[in-house]
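K.L.:
The primary structure of each chain is shown beneath.
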Amino acid sequence: MNGQVQESKGIYRLNYPGLIAGIALVILPFLDAWWFFAFGTDAVVIALSPFQVVVESFGNEIISPLLASLNLALKIVFIYYGGLLIAGSVLRAREDKRSMADFLVRVSARKFLWLVIFFIASVAVSDFIINQAFALMGVHAQVPYFIGDSLVPIRLAGLSVTVPVTQGFTDAFTIAVLVAILSLVAYFYQGRVTLVRTERGLRFRRIPTGVPVAPEGESKPAKTDDQDR
Amino acid sequence: MRESALQGIITAIPVLIILVSIILPFSAHGWDIMGTVLPANPFLSAGPGLLPGIGGGAKAAQQGPMVSIQGSGLSEDGSRVFLDVQLRNPMPMRVEVKEFSASIPAGSAVVNLAMVQPVSIPSGGSVVCRLEGPRPQGLPSRGSPLPSTPELSNLKMTISSGGIEMTLDQDAIRGMLS
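Chains V and P, in that order, are what the protein sequence lines are. Read left to right, the first sequence gives residues 1 to 229 (our numbering). Read left to right, the second sequence gives residues 1 to 178 (our numbering).
Everything labelled a hint here was simulated from the structure, so no lab data went into it. It should be emphasised that the depicted structure is a prediction, and the values quoted were computed from it without experimental measurement. Take these hints with a grain of salt, some might be off.
[Said to hold, decoys possible] Here are a few chain P residues that face chain V, going by a calculated C-beta distance under 7 Å: (1) Ile18; (2) Leu24; (3) Ser27; (4) Ile33; (5) Val37; (6) Pro65; (7) Gly162; (8) Gly163; (9) Glu165; (10) Met166; (11) Thr167; (12) Asp169; (13) Asp171.
Quick reminder that beta carbons are idealized off the backbone N, C-alpha and C, glycines included.
Start from the sequences and build out the full structure, keeping to the hints where you can.
P.N.:
Quick look at the structure:
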């Protein structure tokens, strides 16, 4: 393989998926909510993401100081992780900083995936709790899990209430899932794949275990996958 | 050594940010757990007690009747029976009354009355709406053959607010009557 490689340094050694995922991580906290849940049309509207929790009742916003503070913290933390991912992806081009670059990518790349998984689990748990609450109240109604509309009939003494329930994921959530996947790709790319210029043009190459990434003539061999671990 | 210290700091920063974000709002709200997690909100506390059947209607009773009869009679041409009813909205949001029907005795017959058109009542406001029905045969079309505050039966009301529809039957509406 080395015979075909004409150049494998400089910008070719950047972690491109990491770079894109890092930039996306910096932007993502400023996008819309990931999931919405509505009782009626505007009786209670909840728009959720790890970076914002908007609860409105009849157009009046209900703010939890703790959640607002946690949302802000998560925004800062994931912008920070985005910065680390960008830094790690760029530093990968410098052999002398390779160990730090790998550390930065390792620390930042998978966190967002965990956040997305945790968010999905939280939505599932919320729907489960709502359904359990209905069952305890004796209401024969089921809120669909994650996505969908339903009508919840509630009967009290002399009063019957019909509550339309709407919930679903937004486009911002789709972007978040794509960014989480890209971050994971960046994590594996960092230690295992490099971009090389071959006789046929630019190609991705798997970094063989124990073989330096840098072409002959460079002073320091690249750290291998095994060494990183 | 320097690099491992730097790595330690990089790893610790998010943990510190999260910890500060939890401690800070509690500190700002005098370590009041409820005040920090979910502060008092009129829209959350308004519902229970405002309508009979929800929380016992205690608040509704304190605030006076939600439905009061203003009067009844015959239309100018004598062909229809009407009942004027004042509806009060004690809830902190606008409410639309989509349907309201009742029966009243008219002479020896019973007349079924229904609201002519839906009415919208602002929060804390009230409106007078008219229920109408055909004059039964045998009821004189002149004079005032109906009592000013007739006994209501077969009461039914459908109200809607924020996309949630509530249908109140006779027992619930009786609890709201003056």
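K.L.:
Taking the numbered hints from earlier one at a time, note which ones the structure violates and give those numbers from smallest to largest.
P.N.:
3, 4 and 6
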